[in-house]
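S.K.: Protein sequences appear in the order of chains A and B.
For the first sequence, the tail end lands on 153 under numbering that gives the first Met the number 0, and the numbers increase by one without skipping.
For the second sequence, the tail end lands on 218 under numbering that gives the first Met the number 0, and the numbers increase by one without skipping.
Source of the hints: derived by calculation from the structure; they are not laboratory data.
Given the structure is predicted, the values throughout are model-derived calculations rather than measurements.
Hints may contain errors.
Claimed, not checked - Where chain A lies over chain B, by a calculated footprint (3+ residues, C-beta under 8 Å):
no., stretch
1, 123-132
2, 143-149
3, 197-206
To be verified - Estimated spans, in silico, between C-beta atoms of each pair:
no., chain 1, residue 1, chain 2, residue 2, range
4, A, V126, B, Q79, 26 to 32 Å
5, A, D107, B, I217, 54 to 60 Å
6, A, E108, B, E155, 48 to 54 Å
7, B, N172, A, E73, 50 to 56 Å
8, B, Q56, A, Q150, 34 to 40 Å
9, B, I170, A, D116, 33 to 39 Å
10, B, S40, A, S122, 54 to 60 Å
11, B, D85, A, L128, 39 to 45 Å
12, B, Q138, A, E108, 25 to 31 Å
13, A, N74, B, K124, 22 to 28 Å
14, B, K128, A, Q150, 35 to 41 Å
15, B, E166, A, Q150, 37 to 43 Å
16, A, I78, B, I170, 35 to 41 Å
Every residue, glycine too, gets a C-beta built ideally from N, C-alpha and C.
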Amino acid sequence: MAFIIPNVCKCLCLRNRAGLNLVQTASYHANVIDHYENPRNVGSLDKKDANVGTGLVGAPACGDVMKLQIKVDENGKIIDAKFKTFGCGSAIASSSLATEWVKGKTVDEALKLKNTDIAKELSLPPVKLHCSMLAEDAIKAALSDYRIKQQGKK
Amino acid sequence: MNKASIVLNFTKYNRIRSIKNYTCWSCKQNVTNLISNLFCSNCKVLQRPEKLDNYFQVLGVKETYDLNENDLARNYKDLQKHLHPDKYANRIKEEQEISAQYSSLVNDAYKTLLEPLSRGIYMLKLRGKEISENTEVGQEFLIKIMEKNEEVENAETKEEILKLNKENRTIINDLQKQLSKAFFEGDLKKVQKLLGHMKYYTSIDNQIQALIRNKGIIQ
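Input sequences plus hints: build the corresponding full structure.
M.R.: Spelled out as structure tokens, the structure:
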């Protein structure tokens with residue numbers, strides 16, 4: 000846990016120190032800060048590759064945009080996942096976690112991933128549940144894009 | 000500042016509203032008008048805000064998307080000149096509380112109406128609607144937004160950043176014009192769509208402004 004503390008401080012330094020209070024320190028769960036500060040799998044895969052599925056989703060109510068890509072091998076297993084999110088900390092953390100979780104899963108297993116699992120792992124407050132929803136939508140969109148590409152191949 | 004000088008200060012604005020059957024909470028007198036819409040004409044004590052549910056009325060401006068920002072700022076400053084809690088330090092507790100609530104309401108109203116995005120969202124809310132998560136924006140639009148965000152992320156030189164800023168502001172201004180038309184025509188579906196788009200461009204604007212600040216760029 001020790002490495003979280005400097006991260007929390009760094010995060011709060013952006014604000015006016017005089018405004019520091021308990022409510023603010025408690026507002027982001029350590030897991031969110033960890034993914035936000037050290038996002039996993041940021042980047043892009045070749046979207047023209049037939050084995051890559053790309054999901055691009057947005058939340059008009061908060062102006063977030065999220066791209067999530069998966070690369071699937073011949074056995075239907077997800078061997079790589081990348082994301083790029085422009086949005087709030089919770090949206091970034093949700094998509095970062097989602098890429099971690101889908102890696103190594105089969106396409107069918109990945110389809111079963113629920114936003115509630117992401118929200119639980121990150122301890123998202125109710126107002127931020129839609130961020131995890133966005134991550135679920137992005138996975139679904141990427142899987143669907145992959146399937147469409149595969150059907151086109153046959 | 001005593002009551003007499005407050006009254007003297009605001010008489011020049013001459014905003015006296017006639018009202019029927021109004022009873023002052025402090026002196027319990029029935030009065031027919033409020034001075035500057037704020038003070039009892041009998042005892043000169045600050046009255047509670049009446050139009051709590053409409054920010055346009057709170058600030059005394061016409062309810063339209065194309066509001067005149069100068070009028071808005073002028074009314075805001077006029078109101079705060081009378082309402083600021085500092086002016087009530089030596090007054091009774093109730094009046095202090097009214098001043099605190101009223102000036103905070105006026106702040107919220109001003110902040111909401113000043114920005115084109117929040118003004119649009121507020122006007123949509125007055126019409127019982129909001130931009131929902133399900134508002135469809137379309138893949139092509141999202142690709143455009145993703146690319147724009149990446150451009151901002153990769154921008155390094157002053158020229159690049161200022162160019163992006165100019166382009167983005169032009170888009171927001173154009174959306175503002177389209178929104179005004181959609182509100183005028185009462186096309187709320189269109190309003191929702193345009194506000195959704197504006198939300199994205201406003202997010203990008205925030206990124207650009209942060210970049211300008213962090214890099215210490217002087218325009």
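S.K.: So, for every hint listed, does it hold in this structure?
M.R.: Going down the list of hints, with the structure as the test:
Coverage of the stretch 123-132 of chain B by chain A holds. Counting CB-CB distances below 8 Å, 4 residues qualify, and the rule asks for three or more. Only residues whose beta carbon comes within less than 8 Å of a beta carbon in chain A count, and the stretch 143-149 of chain B has 4; three or more means the coverage holds. As drawn, the stretch 197-206 of chain B meets chain A at 5 residues by the rule of a beta-carbon pair under 8 Å; at three or more, the given contact holds. The beta-carbon spacing between A/V126 and B/Q79, approximately 31 Å, falls within the hinted interval of 26 to 32 Å.
Taking the beta carbon of each, A/D107 and B/I217 are about 56 Å apart, inside 54 to 60 Å as hinted. Between A/E108 and B/E155 the beta carbons are some 42 Å apart, a value that contradicts the proposed interval 48 to 54 Å. As the Cβ distance of B/N172 to A/E73 is approximately 51 Å, the hint placing it in 50 to 56 Å holds. Taking the beta carbon of each, B/Q56 and A/Q150 are about 58 Å apart, not inside 34 to 40 Å as hinted.
B/I170 and A/D116 have their C-beta atoms about 37 Å apart, which keeps the hinted 33 to 39 Å range intact. Checking the proposed 54 to 60 Å range against B/S40 and A/S122 shows it holds: the Cβ atoms sit about 56 Å from each other. Distance hint check for B/D85 and A/L128: the Cβ-Cβ separation is about 41 Å, which falls inside the suggested range of 39 to 45 Å. The supplied range of 25 to 31 Å is met by B/Q138 and A/E108, whose beta-carbon atoms lie about 26 Å from each other.
For A/N74 and B/K124, the Cβ-Cβ distance of about 51 Å falls outside the hinted range of 22 to 28 Å, so the restraint is violated. For the pair B/K128 and A/Q150, the supplied restraint of 35 to 41 Å holds, since their beta-carbon distance comes to about 39 Å. At about 39 Å, the CB distance of B/E166 to A/Q150 agrees with the hint of 37 to 43 Å. As the Cβ distance of A/I78 to B/I170 is approximately 39 Å, the hint placing it in 35 to 41 Å holds.
This entry does not satisfy hints 6, 8, 13, going by the numbered hints stated previously.
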